[in-house]
Amino acid sequence: MDPNDEIAELEYEIALLRKKLHEKESKLIQLKGQCQVALDFFVDVEEPSTSGSSVSSSSQPQEVVRKVVKLPSWAITRYSRQIILPEIGVSGQAKLCVSKVLVVGVGGLGCPAAMYLAGAGVGQIGLVDYDTVDLTNLHRQVLHLERDQDISKVESAADKLRSINSNIKVVTYNVQLNSKNAEEIANGYHLVLDCTDNIPSRYLLNDLCVFLKIPLISGSALKMDGQLSIYGYKAPLTRDSTYQYRGPCYRCVFPKPPPPETIGSCSAQGVAGPVPGIIGTLQALEAIKYLTDISNEKLLVGRLLIFDGEDMTVRITSLRPRNSKCAVCSKKPTIRALGDYEAFCKTSAREQELELDILPEKRRITATYLNRMLTDNLSKNGPPIVIDVRSEGEFRMCRIEGSLSSPKEKFGQVQMEKVSKLLKSRNNEIVFICRRGNDSQIVVRQLLDGVDRMYHDRLYDVIGGLHQWAKQVDPDFPIY
Amino acid sequence: MCALKIDLLFGGGAELLFDKIKKRQVELPPLNKYFSDAKKTEWTIREFIVWIKDNLLREREELFIQGDSVRPGILVLVNDSDWELCGELDYQLQNNDCIMFISTLHGG
Numbered sequence: 001m002d003p004n005d006e007i008a009e010l011e012y013e014i015a016l017l018r019k020k021l022h023e024k025e026s027k028l029i030q031l032k033g034q035c036q037v038a039l040d041f042f043v044d045v046e047e048p049s050t051s052g053s054s055v056s057s058s059s060q061p062q063e064v065v066r067k068v069v070k071l072p073s074w075a076i077t078r079y080s081r082q083i084i085l086p087e088i089g090v091s092g093q094a095k096l097c098v099s100k101v102l103v104v105g106v107g108g109l110g111c112p113a114a115m116y117l118a119g120a121g122v123g124q125i126g127l128v129d130y131d132t133v134d135l136t137n138l139h140r141q142v143l144h145l146e147r148d149q150d151i152s153k154v155e156s157a158a159d160k161l162r163s164i165n166s167n168i169k170v171v172t173y174n175v176q177l178n179s180k181n182a183e184e185i186a187n188g189y190h191l192v193l194d195c196t197d198n199i200p201s202r203y204l205l206n207d208l209c210v211f212l213k214i215p216l217i218s219g220s221a222l223k224m225d226g227q228l229s230i231y232g233y234k235a236p237l238t239r240d241s242t243y244q245y246r247g248p249c250y251r252c253v254f255p256k257p258p259p260p261e262t263i264g265s266c267s268a269q270g271v272a273g274p275v276p277g278i279i280g281t282l283q284a285l286e287a288i289k290y291l292t293d294i295s296n297e298k299l300l301v302g303r304l305l306i307f308d309g310e311d312m313t314v315r316i317t318s319l320r321p322r323n324s325k326c327a328v329c330s331k332k333p334t335i336r337a338l339g340d341y342e343a344f345c346k347t348s349a350r351e352q353e354l355e356l357d358i359l360p361e362k363r364r365i366t367a368t369y370l371n372r373m374l375t376d377n378l379s380k381n382g383p384p385i386v387i388d389v390r391s392e393g394e395f396r397m398c399r400i401e402g403s404l405s406s407p408k409e410k411f412g413q414v415q416m417e418k419v420s421k422l423l424k425s426r427n428n429e430i431v432f433i434c435r436r437g438n439d440s441q442i443v444v445r446q447l448l449d450g451v452d453r454m455y456h457d458r459l460y461d462v463i464g465g466l467h468q469w470a471k472q473v474d475p476d477f478p479i480y
Numbered sequence: 001m002c003a004l005k006i007d008l009l010f011g012g013g014a015e016l017l018f019d020k021i022k023k024r025q026v027e028l029p030p031l032n033k034y035f036s037d038a039k040k041t042e043w044t045i046r047e048f049i050v051w052i053k054d055n056l057l058r059e060r061e062e063l064f065i066q067g068d069s070v071r072p073g074i075l076v077l078v079n080d081s082d083w084e085l086c087g088e089l090d091y092q093l094q095n096n097d098c099i100m101f102i103s104t105l106h107g108g
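Sequence lines, in order, name chains A and B.
Here the first sequence stands for residues 1 to 480, where the numbers follow my numbering.
Here the second sequence stands for residues 1 to 108, where the numbers follow my numbering.
The shape of chain B in the complex, shown without the other chains (with noise of 0.2 Å):
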């Protein structure tokens, strides 16, 4: 299986943990080739967001995750739909999807 590639784009201000980078493409290895546990080969969002965690968050990961998911005020989007209407952390990263982290805004 050849390499996943995602475009995973931050919004709302989710992008100043991740070196004001609002857009990246990014590629996976196959599953187990990254965890060596790992008995499959797709990625769900729920190792994804690992994956962000090891290769792109620098520090104050309390701002981004919570538990094995994402913190509350952060809204993940699969191919612009709200991830629990495919399935949130079980959604499987399908090549060439869009994921978005959306922090929401409080200001007015």
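With the rest of the complex left out, here is chain A (with noise of 0.2 Å):
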């Protein structure tokens, strides 16, 4: 037999047994619930209303009500190595077992996140996320395995985290959060941990958060670096403190949005895989010590951690305290309802597949046709120049055999004379190319505005980029 065919009929068993596998796993899940072994397994007859710590209940609605102190056997063998810990201890260990802990993005930071807090034996975990599964997750979002391309994040995810522990409760949102849906979503939840990609969910989370008086773990990572903090803290009140110390909540840091053109992305930028991978587990480790009632002084609260992976270093810097004049979280709010965040940040909350459309047609060109200049010898002048806009890490990547490179991010004055000089002493035509066909019409756009314009009809623009020359010419240049 082929290998290859042997490979395919493989693969489609495999594939049938894990469908299989899949509904029974499912059904087991479902049963399970209905015996509800997960949470109310642990509410307790210990009853709170005698203690203290009642006060803390009624006057916050969102704070977690504990009334569990019994565990059940299997329970304290599970959890044994953590409930050792002084910090931690059998209350702890029952705190978190009736804990609700909401994660907003199950990618680089959501997935090492949401893994601790499963083996931890949080009560309920909550995941939000629209996306689906790409092989280029793959080397940081640890959760997503070669077979769940293309399902969605959130069941990709469930499904491990319901292998690591079938005593908690897994709950999937396969939504984009926004301010209509948000409040439903997060509604009973005890804790959120930001573990977004974009600018306008973090402030959307962050109002969230502030409204239903629960904090927020913020983490983020791009590149070799990633950043740490806990916002909108509220410590627990006790019944003899007249003062309760609350930490800063995102706005009260960052009260004004960074200008878009200075945001950028995993998928522009790249991001070494570990990075991610150590802030979201930082984040579970503090929502672990949050959860336990660890006090505020020992959390990252109203301080910044700030990892540098590329020098191993590590900073903890004091933030702010809260601003008196928040507009979100101050005594008198300006903010008083989830708004419209992507208009606020000027930017989308979605990976951006942003179709510019800013040169005349005339100065645009397939793929196809780039490639019948370069191989045709369509013009007298020889085959055109092809200057590659995208940034230098990308283009020793892959690139087109012979191409030029000249990143967009440094295309100012002295590169716009370099390719005046080229127009003037040879008379090639010069196409611009870039991974999706956005920067190399911003470079064009810049140097119709530039030069003189008897040189204009010899520039060019790749329609689409390396994305449409991968689909039209070459079908082994690697999208990405």
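Take these hints with a grain of salt, some might be off.
[What the hints assert, rightly or not] The list that follows gives simulated cross-link-like pairs (lysine-lysine, BS3-like), each with its CA atoms no further than 25 Å apart:
1) A:K424 to A:K70
2) A:K298 to A:K213
3) B:K20 to A:K24
4) A:K410 to A:K421
5) A:K160 to A:K24
6) A:K331 to A:K256
7) A:K418 to B:K20
8) A:K256 to B:K53
9) A:K408 to B:K22
10) B:K53 to A:K410
11) A:K32 to A:K213
12) B:K5 to A:K408
13) B:K22 to A:K424
14) A:K160 to A:K27
15) A:K169 to A:K32
16) A:K213 to A:K160
17) B:K53 to B:K40
18) A:K160 to A:K256
19) B:K53 to B:K20
20) A:K408 to B:K53
21) B:K40 to A:K410
22) A:K424 to A:K408
If you're looking for bench data, these hints aren't it; they were derived computationally from the structure.
Bring the two chains, given one by one in their own frames, into a single complex with the hints.
Set out below in structure tokens:
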């Protein structure tokens, strides 16, 4: 038998078996849910009304209602390695078992964070993500496997979390969190982990958590850098305390969003897998500490952790205190409801699939046409000069043979003059290309505005960039 | 007054605007030697930002500066504390201070 046929046959059989397995597992989860082995199992008879802790639960509606003291023996065995820690103990474990944590974004940060929360026995983990698993995710999004490609990230992650711990409840929300659905989704959770990858979602989650009076553990990672802090923290009220400590919210520290052109993304700038791994793992640790009532001095409240994986340095910096005039968390807030965060940040919450169209039609060519220019001697002036405007790292990774590199990020006066000289000294056409065909248009636009009109008809941009080159010309060219 | 030695750090991507150098030590002359119209010798961060713009920032200053301060999304740390805790632009630089400009990250 041809080994390729054999591979195809085995893959088919495995897929069928997996489907069957998945059905049985779903059925099992459903039945276990009916038996209520998860959350309610722990809710014990010890009434909280006689203890001082009830003060906090009545004054803070979202505060964990902690009725639990006893743990069944399987739970003691299962969680023994963390129960032994005096910081957690039996009471800490019981609190974890009745806690509900919402993880928003099931990517590089959300995967490791959710794994540790599931392992620790957090009673309910909510997962929010609208996206599906892509091959380019797998180097960092450790809950997703090769076989999960194109299925929803929340389902893929929930599947693994249930395998890690069948005694917890995992709830999936396969949607983009927005100001319309956020309150309903987050309602009932005790804590939110911000594992998102964009700035509008960060402001949305901040305001949401301020309104719900629950803290937000906010992580971020890009390239070799990571950052982490807890926003909107409120210390529990005790019977005899007159002062309640409150930490700053995200808006206290960052009242204005950064200009959109300064915002980077993992897909555009890259990220080393272990960096979100570290930050996501620390988010889980802070979550466990918070849920087990560790005091704010020991939590990353009012402090920002800055991790630099390139130099291997970690800095912990003190942040400003809560802003008494904060737009959302002060006594007289100007923001009282969730709003339009994409407008506020002037940027999209989804990975930009921007399609610019800022050039005259004559200046734009298809990838197929570029290939003909390169191979068929269409012009008496010889083949065109191809200039790739992606970053140096992307250019090194893959490029059209013979193309030159001139990153858009650095395309300023000096580069304009170089192109001008090239136009004057030679007669070749100059074709600009990038990954998707947006940046190349911006560069050509800059040139059309900057160089003499007589040269304009020798400048071109490739529609759809290298993605189209891979589709139309070279199927072996990597799409990323 | 002798020169003021400052450890100047960039991070979180802000270093890309400064030849990718994350850490450097800079020496500042008395303020009135640098700005001839200045009436004092001491530097505050306000003037220091101008000095950085004049001496270190190559192009695209809008990615670092907005008005007379840094743009939103850059956090300034004075000896590992948020600059708001020590007077922001009016903080007076001390010899051997560590001033860090860090870009906030949003990826995940």
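Starting from the hint list further up, note which numbers the structure goes against and sort them upward. Result: hints 1, 3, 11, 12, 13, 16, 18, 21 break, sorted rising.
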